[in-house]
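Asks: What follows is each chain in one-letter form.
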Amino acid sequence: MAKTLAQKILQMHCREEVKEAGQIVQCETSMVLANDITAPLAIDSFRKMGAKRVFDREKVALVCDHFTPNKDIDSAEQVKKVREFAKEMGVVHYYEGGNVGVEHALLPELGLVGPGDIVVGADSHTCTYGGLGAFATGMGSTDIAGAMALGETWFKVPESIRVNIAGELEKYTTAKDIILHLIGLIGVDGALYRALEFAGPVVDQLEMEGRMTMANMAIEAGGKVGLFPSDQKTLEYCSQKGFENAIEIFPDAGASYYRKVEINMTGMGPQVACPHLPDNVKGIDELGGIKVDQVVLGSCTNGRISDLRQAARIIEGQKVNPKVRFIVLPATPKIYEQALDEGLLGIFIKAGAIIGPPTCGPCLGGHMGILASGEKCLATTNRNFKGRMGSLESEVYLGSPVVAAAAAIAGEIIHPEKL
Amino acid sequence: MNYKGQAHKVGDHIDTDAIIPARFLVTTDATELGNKCFEGLEEGWVKRVNKGDILVGGKNFGCGSSREHAPIAILGAGMPVVVAHSFARIFYRNGFNMGLVLLEIGDDIAGINDGDELDIDAKTGIIKNLTTNKEIRSRPVPEFMAEILAKGGLIPYVREKVAQ
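Chains C and E supply the protein sequences, listed in that same order.
FYI, the numbering for the first sequence is 1 to 419, going by the working numbering.
FYI, the numbering for the second sequence is 1 to 164, going by the working numbering.
Hints are supplied without guarantee of correctness; some may be wrong.
[What the hints assert, rightly or not] SDA-like cross-link-like pairs, simulated, lysine to any residue; straight-line CA separation at most 20 Å:
no. : chain 1 : residue 1 : chain 2 : residue 2
1   : C       : K376      : C       : L345
2   : C       : K48       : E       : G153
3   : C       : K386      : E       : D53
4   : C       : K376      : C       : P275
5   : C       : K156      : E       : T131
6   : E       : K161      : C       : G288
[Stated by the list, open to error] Pair ranges (Cβ atoms, derived):
no. : chain 1 : residue 1 : chain 2 : residue 2 : range
7   : C       : R15       : E       : K51       : 41 to 49 Å
8   : C       : D252      : E       : Q164      : 19 to 27 Å
9   : E       : K123      : C       : E168      : 51 to 59 Å
10  : C       : E168      : E       : P140      : 24 to 32 Å
11  : C       : R313      : E       : A146      : 52 to 60 Å
12  : C       : N99       : E       : D29       : 29 to 37 Å
13  : C       : G254      : E       : K123      : 25 to 33 Å
No lab work stands behind these hints: they were computed from the structure.
For each residue, glycine too, the CB sits at the ideal point set by N, CA and C.
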């Protein structure tokens, strides 16, 4: 049978033959992940399962990135529970202090995930690693506990939607705009229970960080995974990060797809998702002067070095609008250090930005950037559900790092070329 | 497995931040989470629920975060069943793993109004609307999920495997 990318990767980890969409298969897991919110529940379930040790202490990652540095006593207690579990089990990849970063930026950077892997994480944005050609998907804590104990889990073989992306990206249009446009096109349940597979000339040209930004938001269309083929760029990236034995993986010619979607990027400017769903997407010029109180640059979607570079290029020599709080969060300590070395942090500081530590905090209304009632925020994050970032009467708009930088300067959502 | 209670209808694309906002995720206690259930939809929403009531969602119910706290909060609030047009996929797995009964009925969801009295047989998937006197049949639970349910959920399922 000609296989889609999803089916090919599942087959690499499954003893029985992967024959058709809808089939339930048991697959071995390459990496199992949880964070400070989801790991405590996973630990409870793990104990109830009667498990005494994790299946492989090198293949479990526990990343305390959501409420850290701990925002209160309760979150400190949760992290303590995760820390003690990691110690008891001898978990090698435990991150909490100076070595912690936003999990989905951190794991690829450390070379812990790569093409052909099956990664399951108790975090919905685990799908990020699809940018590297991994079948990576979010699950709940109890599923993750099962995978931590057994080193395997079950999947329903998904149908796939093939997304062909053609044309040319404009000067201020980025990977984030492509994925926002797609979600706007197919809707927040457009890929429900299915895999998204990206192809086409624009995809071939995209750097790895852009691919991860796009794969990251597959879940925002309801997708199980968002997959990119593993090509020469993937192999180079993996080799730099120390991920060994990476291989090229492409879908088979003649594989069968549930649906094909064509997108042409030529002439498409920056895209913005308006409140309160990620599919409420508009071209930036359609918006017309929406004033913002806060801008957040960071998260597992857009907190990588290329994102900081794009934003810094726009903000260099400019000042953050005095009515705006511009929060910049490099996603990992390494990105922080690199941004410091390249002078990016200096640019942000001189402009009047707030530089925070690597944390998921504001994205989910956790800490370090909570919105009051009536406030509006433009964020490079992935969700703009009602009340996501604070008050139920606040509003979140989603955009790329260049749109974020332009909004920070102008105090409103505008096309960067109008600055 | 029979359930009888009043329907509490919520809309399409109800996300996990609406079910249980992140600020309450500093506990794993079902009662505490239940007390804050749907706090992201409306403050004090949970006060309208009586034990045994039935939650009725629209399309893509439970989209968003993988947090298992969402089905736990619904159970903690006293609602053992969710009937929806469709479920977001992570929530769907989580629901079964937690022992929350999930029934998908597609467009038939229009036949249930907020406040209707429902009588549900989870085994046959038949939903009787006692207010309108109409019957709705839900899509069957997939075989493998039914197997996990039959073992009492994912925890006993894995416990059996770990013991082997």
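Asks: Of all the hints given earlier, name the ones this structure violates by number, lowest first.
Replies: 1, 3, 5, 6, 8, 10 and 13
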